[in-house]
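A.B. asks: Based on the sequences and whatever the hints tell you, model everything.
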Amino acid sequence: MTTPLLEVQDLTIAFPTPGGGSTEVVSGLDFALEPGGSLGIVGESGSGKSMTSLAVMGLLPTNARLTGHIRLAGEEIAGLPDRRMRRIRGDRIAMVFQDPLSSLNPYYTVGFQIEEAYRAHRPKVTRREARRVAVEAMDRVRIPEAARRAGHYPHQFSGGMRQRVMIAIALSTEPDLLIADEPTTALDVTVQAQILALLKEIQRDTGTGLVLITHDLAVVSEMVDDVVVMRAGRCVEHAPVARLFSDPRHPYTRALLDAVPRLDDEVGELRTVETAAPDTPREGER
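Residue numbers (the numbering used here): 29 to 314.
Worth flagging that the hints you see were computed from the coordinates, not collected in a lab. In this text the structure is predicted, and so the values were computed from the model without any measurement. One or more hints might be untrue.
Unchecked claim - What follows is a set of in silico ranges between Cβ atoms, one per label pair, in the way DEER data are often shown:
{"hint": "1", "residue 1": "Val-217", "residue 2": "Leu-129", "range": "12 to 22 Å"}
{"hint": "2", "residue 1": "Thr-45", "residue 2": "Arg-160", "range": "48 to 58 Å"}
{"hint": "3", "residue 1": "Ala-60", "residue 2": "Leu-285", "range": "35 to 45 Å"}
{"hint": "4", "residue 1": "Thr-90", "residue 2": "Arg-160", "range": "31 to 41 Å"}
C-beta: ideal position from N, C-alpha, C; glycine also.
C.D. replies: And the structure:
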C-alpha cells in the first residue's frame, strides 16, 4: 500500500477567547493525498480551509493550539520545531498565496527573489547557478523573455504575471507538494483560466501533489481528483470530484451547487446558503 504524500488526521485548531475559553476554527479534519494526486478544499469564507493550509505549512499564529496529526510522506510534521519546519517549508512543501503583489518584495527584482528562495534550500549553489534556475523557472511558467524580465521589479508585471512569478518561486526547489490558496481570486476571469491551466499542466508534468483551496466550485471541477467540502471548521463531505457533482450527499454541498447561477434557469431569485460560524454546527451536520 502506497504511503500518502500528505495525511491529515483528526486535525483540530483552536484559538483562545476572552474569559479563558477557546474557539475551534477547524475540528476533527481528516483527509489524505496520494503522491502526484490533487485535492480541492472548498468552502465559504471562515470555513477553516486556509487555516488548514497554514497548519500544514507550520505557519499558524503563535496563539493557535493544534492537535491531531499532519504527516508528510509518513513523517509527522505537526509540532516540529520551527528550525526543522523551515527546512521542509519551501523545499518539500511550497505554497502559492492569494495576492502576489503583497507576497513579493517591491525592493528586489523578481529574479533575485527566485534566486534567494532557491539558495535558502540549496546553500552550496553559486549565484550563477541560482540565476540559471530562476530563469528556467520563469520560462517554465511561460513568462516571455525570462532572462531579461528576471531583472524587472514586481510593479513592472501584471497581476497574472506576478502570480506566475510566485508559482516559479514555489516550484524552483521542485517540492513534493504544492498548496495553492485561492491562487486566482485577485485575477480577472481570462487570466484566472490561464493560471489554472498552467498549474494543472505543471502538476501533471512534474508529478507534484496539489492541494487547491478555493471557494469556487467551477475551479474545483476542472482541477482536482478529490474534494473536501468544509463548513464551520468541519468536513461535511469528502468525495471524488465526479461523484461530488453528480451525486452530492450532504445538504450543504447540494446547497452550494444549487446556489451557482445557471444560464439555462429561468430568471428568478438567487438561491442562498445559510451560514454557520465555527463552533456552531447545525443539527445533523457533524
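A.B. asks: Now tell me if each hint is right for this structure.
C.D. replies: Taking the hints in turn, this is what the structure says about them:
Range check, Val-217 to Leu-129: Cβ separation about 19 Å, and the 12 to 22 Å hint holds. The beta-carbon spacing between Thr-45 and Arg-160, approximately 51 Å, falls within the hinted interval of 48 to 58 Å. A C-beta distance of roughly 24 Å is found between Ala-60 and Leu-285, which places it outside the suggested range of 35 to 45 Å. Between Thr-90 and Arg-160 the beta carbons are some 38 Å apart, a value that agrees with the proposed interval 31 to 41 Å.
Hint 3 alone, counting from the list given before, is not met by this structure.
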